[in-house]
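Take a look at the letters that make up each chain.
Number of protein chains: 2
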Amino acid sequence: MAIDRAIDPFVPWGVAAPEAEGPRLAVKDVFDVEGLPTGAGHPGRLGEPAERDAEAVARLRAMSVFAGKTHTDELAWSLGGINQHYGAVENPAAPGHVCGGSSSGSAAAVAGGLADIGLGTDTAGSVRVPASYCGLYGFRPTHSRVPQTGMVPLAPSYDVPGLLTRDLPLLEWAVDALLDPAPEPKTPERVWVPADLWSELSPRVGAALAPAIRRLGLPIDRTSFGLDVTDAFAVTQAAEVWECHGDWVRAERPEFGPGVAARFERAERLTSEEVSLAAKNVAEARLRLLELLDGAVMALPSAPGVAPVIGRPSRMRAATLRLTCLAPIAGAPVLSLPVTLLDSCPLGLSLMAAPGGDMSLFALASGV
Amino acid sequence: MAIDRAIDPFVPWGVAAPEAEGPRLAVKDVFDVEGLPTGAGHPGRLGEPAERDAEAVARLRAMSVFAGKTHTDELAWSLGGINQHYGAVENPAAPGHVCGGSSSGSAAAVAGGLADIGLGTDTAGSVRVPASYCGLYGFRPTHSRVPQTGMVPLAPSYDVPGLLTRDLPLLEWAVDALLDPAPEPKTPERVWVPADLWSELSPRVGAALAPAIRRLGLPIDRTSFGLDVTDAFAVTQAAEVWECHGDWVRAERPEFGPGVAARFERAERLTSEEVSLAAKNVAEARLRLLELLDGAVMALPSAPGVAPVIGRPSRMRAATLRLTCLAPIAGAPVLSLPVTLLDSCPLGLSLMAAPGGDMSLFALASGV
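Taken in sequence, the protein lines are chains A and B.
Going letter by letter, the first sequence gives residues 229 to 596 in our numbering.
Going letter by letter, the second sequence gives residues 229 to 596 in our numbering.
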């Protein structure tokens, strides 16, 4: 068990020596990069060199210099930042703590100054959680605004590429290079702070993030979200994961870390009825989110607390998913801002817009 | 070569004997049905019985009775309705002609009265073309309004389940059961008839469909689409197909019919640069479509002509894709209406709304 071993952000099979000038790009090892194998966080998946760059990689390479491929949780199906096979990537912004996952290596490379742009993926928080833990700006785009070509799938209905940087203008530049153009929905005119979701969190988290919300300068809407959709989300996600990886798991019975193993076991056992009921609940939640996001930006913590210490078990997954599942359910864009510290560790604020409102988030954030 | 052999709509491994009352459901053999194998139109893909119903199947079974699984083109990557391995499904509405594909068996089952609801998939026209050729109502929903769980992927950014029926009220009922709820965009107030796309078609097609467009009773906007995005679409589609099926093709080198074989060969050879450029062109086309669909419904033929004769080579693929690629590019819903005959064969009119405007199409169609 190597899970407490602190490791370099880059995977050994994906280190580059950038020679040209320009922002350095660290690429999560779930994206294809021409000439390098894609490992997806599991030794059983490390295969032949890729023939083509993933579309997200190709778009970013046009404005940056490739610096290497980075560690990820197994198949990106974890928020922990700890990989059973390779180790835990240490958090440069909070030494001794994890980076969070699954885009752990990209976050660590950027937070540690080894790269300027970190390319990750975010199915259920895998960019926003490491951004929060590592004191970075993090961006999850509207679903389907970047082709998924060349990206190892986890749950395609929710999967998106995402970005991490140390400063906001570079993030906006990179997001603009990454996204397909789209018509923008109406500009947010209020900030939705769902009373029920905030009331479940530590009051210290609320107090730490409140000033940043006030700096948005928008009227505050405290309507409760009113639904508990976290497990329904997890079921629909697991069903899609099984679609993508079930054949391999059944054929090879690969070894997984305990959390991922438990999730695969559940995925294998799901019945049609469970998945259908969960999909119905997720669809209802999506409709409610789209209604409440109409003309609004939602504010939530990017994670329910700061980065756990490496080697100490964390029990934050359910509480984290409760917050982070809403963006994939709505297909909505989120900008995570490194606005504060708690117990000397970074904590981020997430702003979520209606689908298509990606760039509007940068205008809002400039005031925070 | 069995491609001229006329075959039954149902696959031999998926025949059911519906005993309960209710509309009979024919399911394209790219969807999982619990207890039956999924063949996806290629003998090399026919595997073990599925453990769970696909989500689309589960939703429709709640309001219908499963009648069997139906033939499809190889991996659904053709509009021809001719399968190299199994044969050609004959068109009940135009004997001696193909049904069109790739949802050929579902269309034939419904047109021939063996089922009432045909479940198909539509990546680039695979529901709309058979609907047009077989004189059926056909529906392609907004992308991502039905979870893709349990559906063999072709190009997931474009793939959607779709439906075929002989009458409109049943189609509306089934669509309502199939789709996630979503906020509707503004009601269409004009009909967009792209002058350039119509001018490329036979004048007889325009003359045959014009009365139905007039019956919509909306002001007509003849703005040209102005872009030629068909090949860029085909490139991005092929890149995604290779993502989904490339490993299998490389490992097994399966036998394909000539059209599918040529498309796989091209998919294997695509470079990062070609795919990136194509994705950029597709993104620009999407933006233009979304702008022009704002407050409008677009009217196009569902296919550029009627069903070809079985055994006589058809050269309509490029002209068909030119029309049918616009909905997958925009992620937009389309309702195909069986409005006329040409040379004694059916021809359909497609109405496309802005994404999310699925149900608005039924209100419009009731006047046609």
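Quick caveat, the hints were computed from the structure, so don't treat them as lab data.
Any given hint could be a false lead.
It does not matter which identical chain is used: a pair holds within one copy or between any two.
Unchecked claim - Taking lysine to aspartate or glutamate pairs in the EDC-like style, the calculated list, with each CA pair at most 16 Å apart, reads:
1. 508 to 522
2. 508 to 412
3. 414 to 522
4. 508 to 408
5. 414 to 428
Since this is a predicted model, take the numbers as computed values, not measurements.
Hints, one by one, checked against the model:
Taking CA atoms no more than 16 Å apart as the test, residue 508 paired with residue 522 passes in neither setting, with 22 Å inside one copy and 28 Å between copies. In this homomeric assembly, residue 508 and residue 412 never come within 16 Å of each other (Cα to Cα): the closest approach is 28 Å inside a single copy and 18 Å across copies. When the C-alpha separation of residue 414 and residue 522 is checked against a cutoff of 16 Å, the pair qualifies both within a copy, at 8 Å, and between copies, at 14 Å. Within a single copy, residue 508 and residue 408 get their C-alpha atoms only as close as 29 Å, which misses the 16 Å cut-off; across copies the closest is 7 Å, which meets it.
Taking the shortest Cα distances, residue 414 and residue 428 never come within 16 Å of each other, neither inside one copy (30 Å) nor across copies (37 Å).
Against the hints set out earlier in the document, violations occur for numbers 1, 2, 5.
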